[in-house]
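Model the full structure from these sequences, guided by the hints.
The residues making up each chain are set out below.
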Amino acid sequence: MPETLLNVERLRKVYESSTGNVEAIGDIGFRMDAGELVCIVGPSGCGKTTLLKCIAGLLKPTSGVVELGGRRVTAPPPNMALVFQEYGRSLYPWLTVRGNVELPLKHKKLTRAERDRLVDDALAAVGLDHAKGSYPWQLSGGMQQRVAIARAVAYQPEVLIMDEPFAAVDAQTRADLEDLVRALHRDRGMSILFVTHDIDESVYLGERVIVLSKSPTWVQEDLAIDLAPERDQITTRALPRFTELRTHVYEQIQRAKRGEAVRPEAA
Amino acid sequence: MATADASTIVAASPRSRSPRSPRQLRTLRKIALGLAGILGFLLTWQLLPTLGIVDPRYFPTATATLAQLGQEMRDLEFWRNVGRTMTAWGIGLVIATVLATVLGTVIGLVPFLRRATHTTVEFLRPIPSVALIPLAVLMYGYQLQAALIIIVFASFWQVFIQVLYGVADVDAVARDTARSFGLSRGSRIVNLVFPTALPYLMTGLRLAAAVALILAVTAEMFIGNPGLGRAIMLAQNAGQWTTVYALVVVTGLLGLIVNLVFRVIERRSLAWHQSVRGEEVL
Amino acid sequence: MTLYTSTVVTPRRRSRVWAKIGESTLYAIGLPIILLVIWGVWATIAPAKFFPSPVEIIQAFVDTWVGPAFVTDVLPSLGRLALGIILSILIGIAAGTLIGLVRWLRELLEPTFEFFRAVPPPVLIPIVAVLVGANDAMKVVVIVAGAVWPILLNTIEGVRATDAVMTETARSFALRPAERLRYLTLPAASPRIMAGVRQSLSIALILMVISEMFYSSSGLGFKIVYFQRNYLIAEMWSGILLLGLIGVLLAAVFGLVERRVLRWYHGIKEVERA
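In the order they appear, the protein sequences are chains A, B and C.
The first sequence runs contiguously to residue 267 in the working numbering.
The second sequence runs contiguously to residue 282 in the working numbering.
The third sequence runs contiguously to residue 274 in the working numbering.
Think of the hints as simulated: they come from the structure by calculation, not from any bench.
Fair warning: there could be bad hints in the mix.
[Claimed, not checked] Beta-carbon label-pair distances, calculated as ranges: (1) Gly186(B) x Glu272(C): 27 to 35 Å; (2) Gln143(B) x Ala19(C): 47 to 55 Å; (3) Val253(C) x Thr62(A): 36 to 44 Å; (4) Pro68(C) x Lys109(A): 55 to 63 Å; (5) Thr119(B) x Val261(C): 37 to 45 Å; (6) Glu272(C) x Asp198(A): 27 to 35 Å.
[Claimed, not checked] Only part of the chain C face toward chain A is listed, based on derived beta-carbon distances under 8 Å: (7) Gly30; (8) Ile33; (9) Ile34; (10) Met166; (11) Glu168; (12) Arg171; (13) Ser172; (14) Phe173; (15) Leu175; (16) Arg176; (17) Trp264.
Cβ coordinates follow ideal geometry from the N, Cα and C atoms, glycine included.
In structure tokens, the structure reads:
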């Protein structure tokens, strides 16, 4: 039986501001098993990024529990890697592609040879082994995001968290990158938590789709995606089941935006 | 329990009822710390000579210096010196700016001139203008003109370089648009080049103003034309160290004021311009 | 998905390459030669007391500086200058990094430092001279006292303003503090720091010249004033020329270093402009 990798319970985050307190996240709870690819969608401003930051240990929640591999998350845990949306500001322009991918590995207890192997392997996996010596700003947006993904992959995390990573990338590149994520999941068994605002993307990628409500955010629905694990941009998206699922998610989000969904009272 | 708002305002906790927002508190703290720092500095200044760590004959206490400063400000001669320094500063700045704007615009607009003058500019620019002090003294003795040579030479480059950048920064699309509408050369200069170059000119002016003040005081100190700098040297020769330090403080304050005023001027002119200027050397 | 376009570049014909080099050289030395010729002719027709001809100046240059004077006066001057600059850079960056990272420290010290920076550096010379004595150490202290402020303040600003996403990236990968400093904070601040260093170089040169002119009995500045006071005009000019060359050399060295250290920064700017 697959073990629970990530456990989020009754997560709540309240921001203090000059005009009053803002409850960004009301009550979020879900579980993620090892080897799963879970997508999170929700209406704009529903606190997706806040949720990710709490899970990643970058923000302290007001209340609630985040556990990774059974251990409580209070600071960025060593077995988690993040891919940000703003790849231009997440990659370091003074380091080459190789330098960027290598950086997080430096403080892990690895020999030079092992480190090099991980870096080369990760860059090959994202299709960038020809660009090792280039600087990030010499590459296109899609390639830069691949570098960010390679950096996360080389780090060998137990869970990979991606915060709307393809939002700033053109549609053609986005399709390629989505397939890359699925390939990483399939070939390496990586557990991936993928936040997006793109409904089609969430259904195409995920094994589960978690739909968030409007602020104060809670889990409106946890939907299992029963599409075949072998997915393809053209055929999968043409399946009737795909259309059903995406319509369902779309409707859920519309309900979330209108605030119609009712939060079930906590047991 | 559906809510209609986009964000829920939780019922006000006691903290949110306080009159000061976190941001206001932060600014207050910043000001308080800054003042504390200045006080700390003054305290250290006071203690060093009092405790004998530094020779009190040559390093008077803060209180003594500030007292002397108060006395100076009641002395007419002090204000005359301030006037002389600021006059030298002003005249030098104006001459430098006019020369630099004219030359910079002409050279900047003609690519041939730009290329032809490049090496000359890059050789003359790094020459420290204080190296010309002996020459200036030979030519004009202790008069204002000697100081002006030094002031103008250094300030000129600040404005000149900025104007060159500014004239070159004219947006290519805007220029092509102007040409395609058949605007005359003169009209293009007035309507396109001038507004583009103006913020650069203001930046150059700010840098030149700071440089001009430094050199005005320096010239008075080492050439000997009347002004604050010369007053400092006279006080030093007479062993009146409280006066020396008081005047040093005055020059610092003048520097702050000049910098502040020109920063405001620069920001006003940059208000509509999005790009960022590059700072240039002294 | 390649990095290169499909445009074909044909190598230039050799004769055109030489023509280009010739053209660049002509632009480079054209105006200076013209100016020198005009100056030379003017000096012959209407000799001015304080403006000897370029030939005389070059002659005096060779006579004065190419020889023992170089070792006894120029090299020590350059040595003090270099020492002052290096100390300013070390102190400025070290202190600036620390202060920039600790917020309350920065808020405490920044206003006071801004005042120090506003004081015209040469004004500090009489004070340092009387406190430290008129020796070599004094000249170095003077340079540091004036040149440290732009580097210090620019480092503080640069360290403070590290990009938030880059910082979060570092945190998410659990980078150690030393790694963060070396791979994030300092490289991110380096454009600002270099701008400060450039300002400091000018200040250092000014302070070296003045402290030697008026507070010293040896050195390049002293020699120039000596020549002036003894009406050795051509020699004085040769000294000024030498100072100019030193200034140019300093600027060139800085340019080289800056281009190397900030290669990535210039690269980004080029890409943005394209």
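Here's how the hints hold up against the structure:
no.	hint	result
1	Gly186(B) x Glu272(C): 27 to 35 Å	32 Å, holds
2	Gln143(B) x Ala19(C): 47 to 55 Å	52 Å, holds
3	Val253(C) x Thr62(A): 36 to 44 Å	55 Å, violated
4	Pro68(C) x Lys109(A): 55 to 63 Å	60 Å, holds
5	Thr119(B) x Val261(C): 37 to 45 Å	25 Å, violated
6	Glu272(C) x Asp198(A): 27 to 35 Å	28 Å, holds
7	Gly30	37 Å, violated
8	Ile33	41 Å, violated
9	Ile34	42 Å, violated
10	Met166	6 Å, holds
11	Glu168	6 Å, holds
12	Arg171	5 Å, holds
13	Ser172	4 Å, holds
14	Phe173	4 Å, holds
15	Leu175	7 Å, holds
16	Arg176	5 Å, holds
17	Trp264	4 Å, holds
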